Amino acid sequence: MTYHPGQRVRVADRAHDGHHRTPGYVKGKTGTVERAYASFTNPETRAYGDDGLPQQPLYLVGFAQRDVWPDYPGASRDRIYLDLFEHWLEDAE
Amino acid sequence: MERSVHDRGGWPDDAPIDRSEHELADWELLIDALVGALGGHRLMNVDELRRGIESMPPDQYERASYYERWLFSIEANMTEKGVLAPGELDTRIGG
Amino acid sequence: MSEHEHDHPHDPIGNGDEPPAAARARALELLLIEKGAISRDDVRKRIDWLVSRSPADGARLVARAWVDRDFRQRLLSDARSAALELGLDPGPSPVVVAVENTDDVHHMVVCTLCSCYPRALLGPPPAWYKSLPYRSRAVSDPRGVLDEFGVELGDDVELRVLDSTADIRYLVMPRRPAGTEGMSEDELAALITRDSMIGVAQPAAPAPIG
Chain U
1 MTYHPGQRVR VADRAHDGHH RTPGYVKGKT GTVERAYASF TNPETRAYGD DGLPQQPLYL
61 VGFAQRDVWP DYPGASRDRI YLDLFEHWLE DAE
Chain S
1 MERSVHDRGG WPDDAPIDRS EHELADWELL IDALVGALGG HRLMNVDELR RGIESMPPDQ
61 YERASYYERW LFSIEANMTE KGVLAPGELD TRIGG
Chain Z
1 MSEHEHDHPH DPIGNGDEPP AAARARALEL LLIEKGAISR DDVRKRIDWL VSRSPADGAR
61 LVARAWVDRD FRQRLLSDAR SAALELGLDP GPSPVVVAVE NTDDVHHMVV CTLCSCYPRA
121 LLGPPPAWYK SLPYRSRAVS DPRGVLDEFG VELGDDVELR VLDSTADIRY LVMPRRPAGT
181 EGMSEDELAA LITRDSMIGV AQPAAPAPIG
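So the sequence lines, in the order shown, correspond to chains U, S and Z. Letter by letter, the first sequence follows residues 1 to 93 in this note's numbering. Letter by letter, the second sequence follows residues 1 to 95 in this note's numbering. Letter by letter, the third sequence follows residues 1 to 210 in this note's numbering.
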C-alpha cells in the first residue's frame with residue numbers, strides 16, 4: 001500500500017479510453033485517504049476478458065464537497081467519499 | 001473532458017426522483033439470474049457486464065430501463081464470445 | 001387460464017403487459033440453456049436467492065448493534081463476520097462495510113456509475129436508487145435529494161455521501177431514535193427501514209404508547 005489514512009492525494013486527470021471506475025466529477029480533485037482497503041482485481045482489464053491480475057490496492061478517499069463542485073449548495077463541512085484504485089492516485093502533499 | 005453516458009455523478013438532471021415502488025417483474029428477475037448464472041460458469045463477469053452496458057449508444061442508454069441495459073450487455077457479451085451467433089436471438093424471436 | 005377447444009400449446013412468450021424485453025429475455029434463456037451455457041436449475045437457484053433477500057436482514061444487524069456495544073464495534077470493523085454471528089452471510093465479495101450515523105454525521109449511499117448496492121443484506125435496490133436523477137444529484141446536491149425524501153439535516157451535521165465505485169458495498173447504520181429504551185431487538189428492527197440503511201430516511205419513530 002503506497003498511501004495511508006490521512007494522506008492528501010490527487011486523482012489523476014486523465015481520459016481513460018475504456019471501462020474504468022473513476023467518475024469524471026472527481027478527476028483532478030484533491031482529497032484525503034480515509035481508509036486503505038485490501039487489493040482487488042482490476043476492473044479495467046477484467047472488463048475485457050482478462051483475469052484482472054495483479055490485484056490493485058483500493059482506497060476510500062474523502063473530499064470536501066466544496067472542493068468538488070464549484071457551486072455546491074450544501075453545508076461547508078459536507079464530504080463525498082469514493083473507492084478509488086491506487087493507480088488513479090498521486091501524492092498531493 | 002467528455003463524459004461517458006453512464007458516468008452520471010453531477011450530470012445536469014432536474015427530473016424529480018420517481019420514488020414509486022416497483023416489484024421486480026418476472027422477466028427482470030430472469031435477467032438478473034442469467035447474469036448470475038453466466039458469472040457462475042465464468043462466461044461473463046461483472047466488469048464485462050458493466051462494460052457491455054457502457055457500450056450502449058448514449059440515447060439508447062438513457063431511454064432503456066435498468067434491466068433492458070443488462071439484457072443488451074448479455075447479448076453483446078455472448079455474441080462477442082461466440083456463445084451466440086450474431087442476430088441469433090433476433091432470429092429466435094422471429095423479428 | 002381460459003378453456004380452449006384447440007390443442008396447440010400456449011405461446012409461453014406473449015403477454016400484453018410486458019415490454020418487448022420480456023420476450024427477448026425468455027428467448028435468451030432458452031437459447032443459453034440449449035447451448036449448454038447454463039442450466040434451468042442455475043437460473044432457478046439464482047431467482048430463489050434474489051427473492052429471498054430482504055432489508056429485514058440488514059435491520060437485524062443494526063438492531064443488534066443498537067443494543068450491544070461490542071457487536072456494534074464488530075459490525076463496524078468487519079461486517080461480514082458480524083453478520084455470520086446472526087446466521088447471515090453476505091458473502092466474501094463484494095465486501096460489505098457498515099458506516100454509522102451519529103449526532104454529527106449522516107451518511108448517504110449511491111452508485112453514480114451503475115447501481116452497486118448491498119443486495120445480500122438489503123435485497124434488490126429500489127428503482128429510484130438506480131435512476132438517472134438520483135445517480136446524478138445524490139453527489140452534487142445531496143441535501144436537495146434529502147429534501148425530496150423529506151429528510152431535514154441541520155447545517156451542523158456533516159453529510160457524507162459514499163459513491164460505491166468499486167468492490168465495497170456500504171450499509172448505513174441509522175441513529176437509534178429517542179423513546180426506544182426497553183424495546184426488544186425485534187421491535188427495534190421493525191423501525192429500521194431499507195431507506196434508513198441507504199441514508200435517505202431516518203428510522204421510523206416508535207409507536208406512541210396509549
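The hints are simulated quantities; they were obtained by calculation from the structure and are not laboratory data. Please note that the accuracy of each hint is not assured.
Far from chain S, some chain U residues (derived; all Cβ distances over 12 angstroms) [said to hold, decoys possible]:
#1 Ala15
#2 His16
#3 Arg21
#4 Pro23
#5 Glu34
#6 Ala38
#7 Thr41
#8 Tyr48
#9 Asp51
#10 Pro54
#11 Pro57
#12 Ala64
#13 Ala75
#14 Leu82
#15 Glu86
With the Cβ distance kept under 10 angstroms, some of the chain U side facing chain S (calculated, not the full set) [claimed, not checked]:
#16 Tyr3
#17 His4
#18 His19
#19 Gly62
#20 Val68
Just so it is clear, the structure is predicted and the values come from calculations on it, not from any experiment. For glycine and all other residues, C-beta sits at the position ideal for the given N, C-alpha and C.
Of the numbered hints stated previously, which ones are contradicted by the structure, given in increasing order?
Violated: hints 1, 2, 3, 4, 7, 8, 9, 14, 16, 17, 19.
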